[in-house]
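Trainee: Each chain, written out:
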Amino acid sequence: MKNEQDGGRSKEKETSAAVDAAGSSNEVWEKVKNKLNEYLSADAFSRWFKNAELIEDDERGAAVIGVNSDMQQIWIETNYMDEVRAAFAEGAGIHTQAFIRVLGEEVAPSVKKVARGSASASDQVKVVKQDEESPKTVALERKLKKMGINPEFNFESFVVGDNSQFAHAACSAVASGEGRSFNPLFIHGRAGLGKTHLMSSIAQQLLISDPKAKVVFLTAEQFANEFIEAVRKGNLDSFRKSYRTADIMLIDDIQFLAGKERTQDEFFHTFSGLLNTQTQLVLTCDRPAHEIQQLEPRLVSRFESGLTVELQTPGFETRVAILQRKMDQWNVVLEDEVIFHIANLIQSNVRRLEGALTRVASFSFLSSEEMTIAKVDDLLRDLIRDENSRQITVDAIQKAVCEQYDLSLADMSSRRRPASIAFPRQIAMALSRQLTNHSLVEIGEAFGRRDHGTVIHACKRVEQEIEVNTEVKAVVEKLIAVLQR
Amino acid sequence: MKFQIAKEAFLDGLQQVQHVVSSRTTLPILSNVLIEASESGLRLTTTDLDVGVSGTAEAEVSKTGSTTLPVKRLVNIIRELPSAEVEVSVDSKNVASIKSGPSFFKIIGLPDTEFPPLADFQDAKEYQIPQNLLRDGLKKTSYAISTDETRYVLNGIFTSFKEGKLTLVATDGRRLAMVDNDLEFPASHETDFIIPTKAVQELQRLLNSEGDLTLRLSDNQVCFEIGSSIIVSKLIEGNYPNYRQVIPAETKERLTVGREALLETVRRVSLLSSEKSNSVKLSFGANELGVAANSPDIGEANESVEVKYDGKEFAIAFNPDFLQAPLRALDDENVHLDLIDEMSPGVLRTEDAFLYVLMPMRVTS
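Top line first, the protein sequences correspond to chains A and B. Taking the numbering used here, the leading residue of the first sequence gets 38, the next gets one more, and so forth. Taking the numbering used here, the leading residue of the second sequence gets 176, the next gets one more, and so forth.
In case anyone wonders, no lab produced these hints; they're calculated from the structure. Do not take every clue at face value.
SDA-like mimics (lysine to any residue), calculated; alpha carbons at most 25 Å apart, straight line [as the list claims (entries may be wrong)]: (1) B:Lys427 - A:Arg269; (2) A:Lys70 - B:Ala424; (3) B:Lys451 - A:Arg269.
Sample of chain B residues with no beta-carbon within 12 Å of chain A, all distances over it, derived [what the hints assert, rightly or not]: (4) Gln193; (5) Glu233; (6) Asn251; (7) Ser267; (8) Ile273; (9) Gly348; (10) Asp357; (11) Pro416.
Just so it is clear, CB atoms sit at the ideal spot from N, CA and C, and this is done for glycine as well.
Pulled out of the complex, with its shape left as it was, chain A reads as follows (with noise of 0.2 Å):
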C-alpha cells in the first residue's frame, strides 16, 4: 500500500494528457508492457501481466490495471507496484498511481460484506440476540457514544422530503453495502440540515448489521488534530495504519481541511489508499467541494470523483413533518396551528426548528396557559430576527461598505478605480464572497458586472491586507459584525 502513497505525489495531472500525447490507451499498455518484460523475469510476466488490460480513468488521473484473478491483484500490489510505477514512467513517460482492478466479478460484493462477523448470524449469535437484546443494545449505544455518533441519529428517526429524499436513498444503499459504486459519498448541505444525522446513521446501520465492522467515524477536526498529535510525538506510522485499516470511514465537516496543507496531503494519501481498497467513504461538507477555497484540486476532484448528494432546505410539509416527529418523541401535543405557525416562521435550519419547538413545548407544559399564535412569536422572537436578518444580501454587504468608508452605492458598481474607491469595493466583495452562497460569478455580476477573476483577485488582495494592515483588519471585522446581528 505503501508503496502507492509515495506515487502519489507525482502530479496526477500530467496523466490524462500524457495519455492524449502517447496515443491511444493500447499503444500506452503495450509500451509500459514492453518495458514490465524487460523488468521481470520471463517467468513472472506472462504469469502475472501478460493478460492484463489498461483501464483508462482519466477522471481520477490513475491508471487502472484489469486482471483476472484476485491472485492476480495481491500478487502484484504486494511484489510488483515499483515496477509498474516505474514502467508507466520509463515506458509511455507518465508519472502516475496505478490500481489493480479484479475484472468481471467486482470481486464479488457479497463476500465482503459477510467478511467478519458474518451478518448470516450463526447460532452463537442469534442467542445472544434474542435472549439479550437489551445488554446488546446497550453495548452498541456505549460504542456509538465512544466514537462521537448520537445514538438517536438513525434512519427510522430521519425524515425525509423532497429536499433529502435522495440523499437519505444514497445513504440507505451505502449503509445495507449496495451503494458500492458510489464511493466516495459526498454529502453537503448548510448547517442544520442533517449532514451529520444522515452520516451517524450509516454507521449506526454498520454496526448493527456487524458488529466488529471497523467503522472510523470524525470530523475533518479531529483528523487534524490527530494528525499534528501524531506529527509530534513522530508516530505517523501508527496513524496511517489506523485509518488505512478500516471497513468504511465516514468525515464530517471536511471544509475544515481548507487552508492546511500538510493535513491536506496526509489527508489525500488516507483517502486514495482507502479508495484503492474500495473501502466506502462517506464526507460530509458545507458546500459543495469545487466551493471549498483552499483545498488543493486533486482533492477536490477525487470528492467529486464518487457520488455528491445534496440536502436542501426542507419545504413547509416536512418542517411540519419533522416538528410532528418530535412531539411524538416528546409525548407533547401542540395545536395543529401552532406547529403550522412555527414551521413557518422557521425556515432555514432544522436544528433550530427542533429548538423552537423545545421552547414552545416546554412553555407549555411549564405554565399549562393555552397556546396562542401570539404567543409562540413572543417566545421565539429572537430566533425569528435572527430568521430574518440571517439571509446576508450584497446588498446589504456593500450598504455597510460604503456607510463605513462614505461612498455612494454607485461607486460599488461603476468602472472609476481610484484607490479609494476601488479597495473598499474589493472588500465589499471578499466579504460576499464569505458571508453569502452566491457564486463568484454572481458576485462579479452584482459589482458592475465584473467577471470572477476580479472578485478573486479582490479577495486575495483583502486577505494579504488583513495580514499586513491592523487597521484594515480591525474595519473587516467591525463590518462583519454589523452584518451578523
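Once you've looked at the hints, dock chain B against the given chain A.
Mentor: Below, chain B alone, put in the same frame as chain A:
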C-alpha cells in the same frame, strides 16, 4: 454447585480455554468461563463469539450445577492459592466461594443462561484426521498467514479436502506455504474452507502427537474434537484466491542443503542485514552456497555452506525472516531449493509434500 478439585488440574483446565477470551469484550459474559459440574467432572467453556473452546477437568463434584466466572481473575486466584486442594461452591446468585487451606475468596459471577452456547453440529460432515498430521501441517503453514486485515480471506489457513488429500495453504502475498497429505474421507465430503488465524492458534495449543481428531463442518462453522476438548470456530467467508497460480511451473536449478546448517547460517548472517533492505544474498557456485549480508553503516557478514549444486552461478536475495520461518518449522534433514533466476520466486521443497514459494528481494547493486 459444589466441587473439590486439585489446584493443578483446575489451573490446567482453565489455561486451556482462557486464551480465547480477549481483554476488550463488548459483552461482560464473554470475559467469563462457563463452568458446568456433573458427576463426571467439570466442563469449562469460553468463547468470543467467533471462536469457542471447551475442555474438561477432573473434580469431585458433590453438588452438580453450572455458573460463569470471570476467567482471567479466576486463573490469577487459582494460581496463587496456597494449598494443593481447592474447594469451590457457588450459590444461587452465582457468587462463588473459593476455599484453599487458610485462604478464602468470594467472586461474583453471571448466570449460565446468559452464556452463548456453542453451535450445534448435528448433520454436519465428519472427518477423521490424525492429530500429528494436522499439527505438523499447521506448524508448517501458519507462519505464512497474512495479518493484513484488508485482505481478510488471507487471514487464515485454506483447508481443502479434495481427491483424497488434505491440503493446507497460507500466503501473505510475498510467500506461500502449502502442505499436502493423503487422507481418507468419503468422496461426498470433498470441500474447502478457510480456518481463521485465531482458531489455528487454539488448535496448535491443543493438538497432540497421538490419536485422531474429529472435524465437523457445517455451513459456516467448523468444530474440532480433540479427546474431551472442543474448538468451535466460524469460518472466514469468501473465496480463497487461486494459490496454484503462484507456484512456478518449472524450475531450472536445484540445490540441496542441510536444513539446520542453512537455518543457522542465515540466522547468523542476517545479524548484519540492514534494516532498510532487510535481505540476505545467496550466491550459488559449484557445491557451495555463499550467504552474505551487509548494511552500509554497520558492516557485513558472509558465510559459506556445503551444498549439492551443479547449476549455473548466480545470486538471489531473500528476506532472512521469511527464509528462516519454514526452515524452523520443518524437521527434515535436507531441503531442496528450486530456482529459475534472480528475479523469480524460489521454491523450497522437502521430500514429502511441503512447498514454500518465496519472492526474492530486489538486489540493488
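Trainee: Each hint: holds or not?
Mentor: Hint check:
| no. | hint | result |
| --- | --- | --- |
| 1 | B:Lys427 - A:Arg269 | 52 Å, violated |
| 2 | A:Lys70 - B:Ala424 | 22 Å, holds |
| 3 | B:Lys451 - A:Arg269 | 24 Å, holds |
| 4 | Gln193 | 19 Å, holds |
| 5 | Glu233 | 28 Å, holds |
| 6 | Asn251 | 25 Å, holds |
| 7 | Ser267 | 19 Å, holds |
| 8 | Ile273 | 27 Å, holds |
| 9 | Gly348 | 3 Å, violated |
| 10 | Asp357 | 26 Å, holds |
| 11 | Pro416 | 4 Å, violated |
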